[in-house]
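In order, the protein sequences belong to chains R and Y.
Take any residue in the first sequence, count from 1 to its spot, add 18: that is its number in the working numbering.
Take any residue in the second sequence, count from 1 to its spot, add 18: that is its number in the working numbering.
Rather than coming from a laboratory, the hints here were simulated on the basis of the structure.
Wrong hints could be hidden among the right ones.
All copies of an identical chain are treated as equivalent in the list; a pair is satisfied when it fits inside any one copy or across any two copies.
[Claimed, not checked] Distance condition first, Cα-Cα at most 27 Å in a straight line; then the derived DSS-like pairs of lysine-lysine:
1. 124 with 262
2. 290 with 357
3. 290 with 362
Protein chains: 2
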Amino acid sequence: MKLTRLFTAISCVAIASAALAAQDREAFPAPSTLSPSMAETVAAPLVPLWQMEPKTTAEWEKIAGDYAKAAGEAALKLAEDFDVNVNAEKIANVPVHVLTPKTIAKHKEKKVIFYIHGGGYVLGHGVSGITEAIPMTAWNGYRSICVDYRMAPQHPFPAAIDDAFAAYKAVVKEYGAENVAVFGTSTGGAMVLILALQAHAAGVPMPAALISGTPWADLDKVGDSYFVNAGVDNVLGNYDHMIKAAALAYANGHDMKDPLLSPVYADDESLKAFPPTLLISGTRDLFLSNTVRMHTRLLLNEAPSELIVYEALSHAQYYLNMQAPETRDHYRLMGDFLKRVWSKN
Amino acid sequence: MKLTRLFTAISCVAIASAALAAQDREAFPAPSTLSPSMAETVAAPLVPLWQMEPKTTAEWEKIAGDYAKAAGEAALKLAEDFDVNVNAEKIANVPVHVLTPKTIAKHKEKKVIFYIHGGGYVLGHGVSGITEAIPMTAWNGYRSICVDYRMAPQHPFPAAIDDAFAAYKAVVKEYGAENVAVFGTSTGGAMVLILALQAHAAGVPMPAALISGTPWADLDKVGDSYFVNAGVDNVLGNYDHMIKAAALAYANGHDMKDPLLSPVYADDESLKAFPPTLLISGTRDLFLSNTVRMHTRLLLNEAPSELIVYEALSHAQYYLNMQAPETRDHYRLMGDFLKRVWSKN
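For reference, chain R alone in the conformation it holds in the complex:
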């Protein structure tokens, strides 16, 4: 199943008025260093999804609803293909989906992945937000709890992070923080980092590990790759259309330099408290600077932080083509990271 195809389909049913962003740079062919399958994904035309410019709440609702429907159906199909059970529950009054692999090894019985989906604080409602967690559950064999947090524009900052943190606290009570790894990509990747800031501030125990994929660490258009990889990244394209609209809708007038909106601005003391953190990006990623800026800040605060940057991949592309061997490798490396972290407990 290719999410790029899915996104293209979604864009066709969504608001058609969105002009394609002016591509700041020419398209680059896929390098020979990729598998044929991933090369196809990397060489595909720009996904139109993030080039839309919704202005009214009705327009946002239409986009989010269409996305939830299409991506949600695809996610349930994917779960079936992967033999992953999906169960809708509530934790601390926050809706979640609990993903269970077909079998769980004994030493993984007490562990859990707390998963926070991406989508610019505007997309990913319901089961449409569980896609990335499905192979994590199936291939790495952990139970995953996927939080279905409230989103903008109906529920701006801090609704999303309040919901995620409320559910996290309940999960930590049940499993013990040392058995919880928090995982997410893009907006989810930022929320993973923000959750650690919230936990530190509230005196709630830190999870055993964080996996923060290409985090939206700076909500504002600040950082080199927002410019240099504009028109190179074929998933996001650029900051200037729906990403910007989503940032404004979610921040809702709050200062984007607030670390609870842009965790790259967290203070040193908070970062020193971080648990082992894996950050992930791709060389064509519009959020490459978000990722490496966060990583360097953690390293300079002596937080145990690791970075992986994948050859030629655009934003979050490491989980958008389930057929590519690179995707399998990516999930394996996340599993290796968790193994390293948990073997130390």
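The hints should help you fit chain Y onto chain R, whose structure is shown.
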């Protein structure tokens, strides 16, 4: 002292016939995420050095000689500024420069940095090849042994790696492999990796650690950032002129897929034997793909490998502006890596 200025000066005295490469992409201003000093370096015009196209041995000699003179004088001045003693010696009949900091802490007395300079296998003769090792010696307080290996076109493959490996073996005998870290950038970064392949193949003990800055891991123009960062990287510019000429001169007809020329093609078994390895690049680096491809291969072979990618920096720019706070941070992070490695011994 700014090496970018130095490089500009060198290019003026060198062969003037070199056409500036067609810049594939427009220049990007420096992002606001950098210090004012580093922003100046990042926004500087393309360094003309690597845009030359020497054809005869005499032309290579002129470029290398001019470089050695200008960069050599600058290096000695830098050593003076940093209070680092430079001593020319021979080890296993290979010329080296031994760099000694003003004071050495007791626990660092028995440690040594084995340093391999860069320069495309064509530049960096004599003291012109010690620049990067000077702040490593001064700021991190280790003795450094800088190998002055033979270079192309006069001495093609495998002269350079033979010299480096011969000196390494002698250093290991004197210090013990567990006390040696091997360090280098660009061509030196590749030679660091190749040295580990040589050691593995020959049954010579691995060093305690490798620091491989933006390694020339694929000698051929293979890898995404050779294309996507062409015209973005303001140090190297592109592959197509002097870099290509240097690759051809050094490879001298050998297959560039040979891991002793392009270590990214090393077999799995060799990579599994690697010691803790730190790889370093920048988001604008023409060699970003070289760096991350190597890192991913090491990770997939469960070698303890770390990656740092610096915001907005071009090739090797992390040591080309000694005034920038980013440069100080970079050397600190390398020191932290060595501390972690050696605290485990």
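Checklist entry - Which hints from the list above does the structure break, by number from lowest to highest? => result Violated hint: only 1; rest satisfied.
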